[in-house]
Amino acid sequence: MDQLGLSSLTTEDTQQLYKYYTTIPEPVRPRQYTDNPLFAAFDFNRGTYRWMYEKDAPKAFSEVAIQKMVRLEVKRAGLKRRISAQQMRNTFILRLIKQGVTEKDLVSRMGFKTKISLKRYYQYLQ
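Position in the sequence shown (from 1) plus 118 gives the number in the numbering used here.
Treat the hints as calculated values from the structure; they're not laboratory data.
Among the clues, some could well be false.
Said to hold, decoys possible - DSBU-like, lysine-lysine: derived pairs with alpha carbons at most 35 Å apart:
no. : residue 1 : residue 2
1   : Lys237    : Lys193
2   : Lys173    : Lys222
3   : Lys237    : Lys222
4   : Lys177    : Lys222
5   : Lys137    : Lys216
6   : Lys216    : Lys173
7   : Lys193    : Lys137
8   : Lys137    : Lys198
9   : Lys233    : Lys186
10  : Lys186    : Lys222
11  : Lys198    : Lys173
As the list claims (entries may be wrong) - The following label-pair restraints were derived from C-beta to C-beta distances:
no. : residue 1 : residue 2 : range
12  : Lys173    : Lys237    : 37 to 47 Å
13  : Gly165    : Gly218    : 40 to 50 Å
14  : Lys193    : Lys231    : 29 to 39 Å
15  : Leu190    : Arg227    : 26 to 36 Å
Remember, predicted model here, so these are calculated numbers, not experimental data.
Each residue gets a CB set at the ideal place from its N, CA and C atoms; glycine is no exception.
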């Protein structure tokens with residue numbers, strides 16, 4: 119685990135990411151060691167990857183695309199209820215607290231302004 123209590127990628131995860139990366143045609147593939155998004159947006163109607171000409175880089179997944187992906191995975195997993203991004207974020211924060219991640223690291227990692235934002239999570243765990 120790193121300093122924020124996050125696990126590093128397993129060898130299998132790394133291999134899966136590389137497999138995905140190599141499926142993207144080289145001309146539109148995200149360039150390594152840049153701020154290009156790893157997950158490039160795909161236009162299913164045209165059968166092509168989306169490109170941001172202003173940035174000369176592949177277009178990142180949109181928020182809507184990520185929400186759709188989550189909905190499809192929830193359905194595929196056979197879960198009965200909807201799972202929101204907020205629920206995933208809250209669960210992530212609670213797990214980090216249980217793992218002993220410091221308040222300072224949590225505030226930094228989650229983008230909170232102050233540690234007061236963490237109060238409700240600590241209260242929930244009591």
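Handout entry: Status of the given 37 to 47 Å range, CB of Lys237 versus CB of Lys173
Key = Holds: the Cβ-Cβ distance is about 39 Å, inside 37 to 47 Å.
Problem - Given hint Lys198 paired with Lys137 - CA-CA distance at most 35 Å - result: Distance of about 31 Å is within 35 Å: holds.
Problem - Hint consistency between Lys193 and Lys137 [alpha-carbon to alpha-carbon, up to 35 Å] - result: 24 Å, holds
Problem - Pair hint Lys237 and Lys222, alpha-carbon separation not exceeding 35 Å - result: 13 Å, holds
Exercise for the section: Below or equal to 35 Å on CA atoms is what counts here, so check Lys186 against Lys222. Expected result: Holds, at roughly 33 Å.
Exercise for the section: Take a quick look at whether Lys233 and Lys186 sit within 35 Å of each other, Cα to Cα. Expected result: 32 Å, holds
Exercise for the section: Given the hint that Lys198 pairs with Lys173, test it: the Cα-Cα distance must not exceed 35 Å. Expected result: Status violated; Cα separation ~40 Å.
Exercise for the section: Mind checking the alpha carbons of Lys216 and Lys173 for me, to see if they're no more than 35 Å apart? Expected result: 40 Å, violated
Exercise for the section: May I ask you to test the hint 29 to 39 Å on the CB atoms belonging to Lys193 and Lys231? Expected result: 36 Å, holds
Exercise for the section: Decide if the proposed pair is consistent with the structure: Lys173 and Lys222, CA atoms, cutoff 35 Å inclusive. Expected result: This hinted pair holds, its Cα atoms lying about 34 Å apart.
Problem - Hinted pair Lys237 and Lys193, Cα distance within 35 Å - result: 33 Å, holds
Exercise for the section: Starting from the range 40 to 50 Å, see whether the pair Gly165 and Gly218 falls in it by beta-carbon distance. Expected result: 47 Å, holds
Hint violations for this structure: numbers 6 and 11, all remaining hints satisfied.
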